[in-house]
Amino acid sequence: MKDINDTPIPRTDPIQSATFTNPINAEIRRAAATGIYDIRGGGAKRRVPHFDDLLFLGASISRYPLEGYREKCETKVTLGTRFAKKPIELETPVTIAGMSFGALSGPAKEALGRGASAAGTSTTTGDGGMTPEERGHSDKLVYQYLPSRYGMNPDDLRKADAIEIVIGQGAKPGGGGMLLGQKISDRVAEMRNLPKGIDQRSACRHPDWTGPDDLEIKILELREITGWEKPIYVKIGGTRPYFDTTLAIKAGADVVVLDGMQGGTAATQDVFIEHVGLPTLACIRPAVQALQDLGMHREVQLIVSGGIRSGADVAKAMALGADAVAIGTAALIALGDNDPKWESEYQKLGTTTGAYDDWHEGQDPAGITTQDPELMARFDPVEGGRKLKNYLKVLTLEAQTIARACGKNHLHNLEPEDLCALTMEAAAMARVPLAGTEWYPGKAGF
Amino acid sequence: MQTFDLESHSLRELNSILHAQKDDTNQTSWEVINARGSHAIAVGLDAPIEVTIKGSTGYYCGGMNKQATINVHGSAGPGVAENMMSGTVVIEGDASQYAGATGHGGLLVIKGNASSRCGISMKGIDIVVHGNIGHMSAFMAQSGNLVVCGDAGDALGDSLYEARLFVRGSVKSLGADCIEKEMRPEHLEILNDLLMRSGADAKPEEFKRYGSARQLYNFDVDNAAAY
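In the order they appear, the protein sequences are chains A and B.
Per UniProt numbering, residue 1 is the first one in the first sequence, and the count goes up by one each step.
Per UniProt numbering, residue 1 is the first one in the second sequence, and the count goes up by one each step.
In case anyone wonders, no lab produced these hints; they're calculated from the structure.
Each hint should be verified, as a subset may be incorrect.
Under the rule of at most 30 Å between Cα atoms (straight-line distance), these lysine-lysine pairs were calculated in the DSS-like manner [as the list claims (entries may be wrong)]: (1) B/Lys22 x A/Lys86; (2) B/Lys66 x A/Lys159; (3) B/Lys22 x A/Lys196; (4) A/Lys159 x B/Lys208; (5) B/Lys208 x A/Lys196; (6) A/Lys389 x A/Lys85; (7) A/Lys341 x A/Lys159; (8) A/Lys2 x A/Lys45; (9) A/Lys86 x A/Lys76; (10) B/Lys208 x A/Lys86; (11) A/Lys196 x B/Lys203; (12) A/Lys2 x A/Lys159; (13) B/Lys208 x A/Lys85; (14) A/Lys387 x A/Lys85; (15) B/Lys208 x B/Lys181; (16) B/Lys111 x A/Lys85; (17) A/Lys250 x A/Lys86.
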């Protein structure tokens, strides 16, 4: 257009809405076309305050570091010292989180067992029971006790090295699960006592108890069935970590497993994953506070999960008071999930490397989150196990590197005092000072 | 008959003695006295022994039972025979919530009434209740048979899978996806066998059968109102 003097009128640039972004608009169009919410796997993808927002201070004159290749920095951890006759002893505090046979293929579960065992740590069953391959390849296996009780039986309970009562998980605290029909093979169906090909819903609450007083009796029953041998873990999603940790301890847990919102799931609604629960960073200090208030810190162990990727994350979680961590998504990536070598196949599925999260559809090009025999055959459990072992070793070495730099001869000796925060949010959540100051939000003296 | 007094000995002692019994044990008959509502009595048994409990029991009596026959001469607290694999549990009195929850096999007989959520998430167990059952019974029940000689409460068989429900009396309401189904000869046969084995004074022909309409087996947004 031109004005009366025939001069072109300047135009405003097209401006994209910060509220109605292209991804948001695409989701609106998808919802309008299908009438159903988006289901996906994985944990929260949104940016939340995380371990990246913390730094270690290291040592200099006021703190002495340890020599990297000469002085010992221990990594061993013992879980279940409160009541269990046979606590679990691990070489590294990095454990493998619960992931089900059903959500994962049999060979993928085998690889998790192989890798964890070679690295001297534990792996965990999931919703769907314990498979012989998994038990056979896992030196230390934690058996999950879930609301669905799919495959639950006393023989497997006695074969387990620990029992994890799952109350919730970080990706969907308050939500149950769903294994869609396309992933229900004959074997998965048989283990779960359900017909092949139908959606298998996992309840959000346990069928035979409600509340902390009942939980105490449930723990008693499981201990009686297994002769008080096994550590009993209680896994909670990050919601009200102070109170939930307090109640788990009161109910008699040996170990509390605390999973933040970046922790993955096999499948749930995207809206649930992104909008319910607390970031992992926000969970740890309240849980440790609960342990300390009850005089139970280190007597009841705390395992933190949800977004652990590197030895720095391991060290930061432990400095904030965790006894150990668990990895799920990172372990799958180590096995080969979302590997660029499958890019052309991800493209065919309408996604790309790093973004593939439709694990529930059973079409995983990497052959990990599928029950399709052809896709499963792409995955070599021995090679997968070797990669996971390597990755676990690196996590451990990295955490040791940082601990030595802070002058600590055991990862457990890391403490909040070794940390500072880069943002106000992280300072508030982790209760460590903003970098270069002695202050964090909530602390008097600002 | 071995007698075990829960007043003078601990629960741990009781369960470890019962766990020590193997398939070929000579001590096949046990009596537990002074139960007084204790929790987790006779849980995780795995031998063909008979345990009679005098008095009422707390939570989870007979939990995860295999092979054993457990008789409660009293009433049972929540979660009796939860996750039972095989064997028999008989309650002379009433049973609280979640009786037979997630049971995979065996027979649970409740001679009185059962409270809410009887047979919740059952996975192959047979449950016979001589009296009535409460609301939300057989919720998400996967397989096995639930026989009720009296009446059933609200929302029977909500989100049911393949379990069979037989009710002689009235059903206050059916849960989502649960419907009345035709009683065929094979069902009468199953019912007859269970009524006989559980000592129930009822005829198979007096019952109605309920099961899954299988409309919620695969998610369909048009069914969203049913959830």
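Evaluation of the provided hints:
| no. | hint | in the structure |
| --- | --- | --- |
| 1 | B/Lys22 x A/Lys86 | holds, 23 Å |
| 2 | B/Lys66 x A/Lys159 | holds, 16 Å |
| 3 | B/Lys22 x A/Lys196 | violated, 36 Å |
| 4 | A/Lys159 x B/Lys208 | violated, 42 Å |
| 5 | B/Lys208 x A/Lys196 | holds, 27 Å |
| 6 | A/Lys389 x A/Lys85 | holds, 28 Å |
| 7 | A/Lys341 x A/Lys159 | violated, 38 Å |
| 8 | A/Lys2 x A/Lys45 | violated, 47 Å |
| 9 | A/Lys86 x A/Lys76 | holds, 16 Å |
| 10 | B/Lys208 x A/Lys86 | violated, 51 Å |
| 11 | A/Lys196 x B/Lys203 | violated, 34 Å |
| 12 | A/Lys2 x A/Lys159 | violated, 82 Å |
| 13 | B/Lys208 x A/Lys85 | violated, 51 Å |
| 14 | A/Lys387 x A/Lys85 | violated, 33 Å |
| 15 | B/Lys208 x B/Lys181 | holds, 8 Å |
| 16 | B/Lys111 x A/Lys85 | violated, 39 Å |
| 17 | A/Lys250 x A/Lys86 | holds, 21 Å |
When held up to the earlier numbered hints, the structure conflicts with 3, 4, 7, 8, 10, 11, 12, 13, 14 and 16 and fits the remainder.
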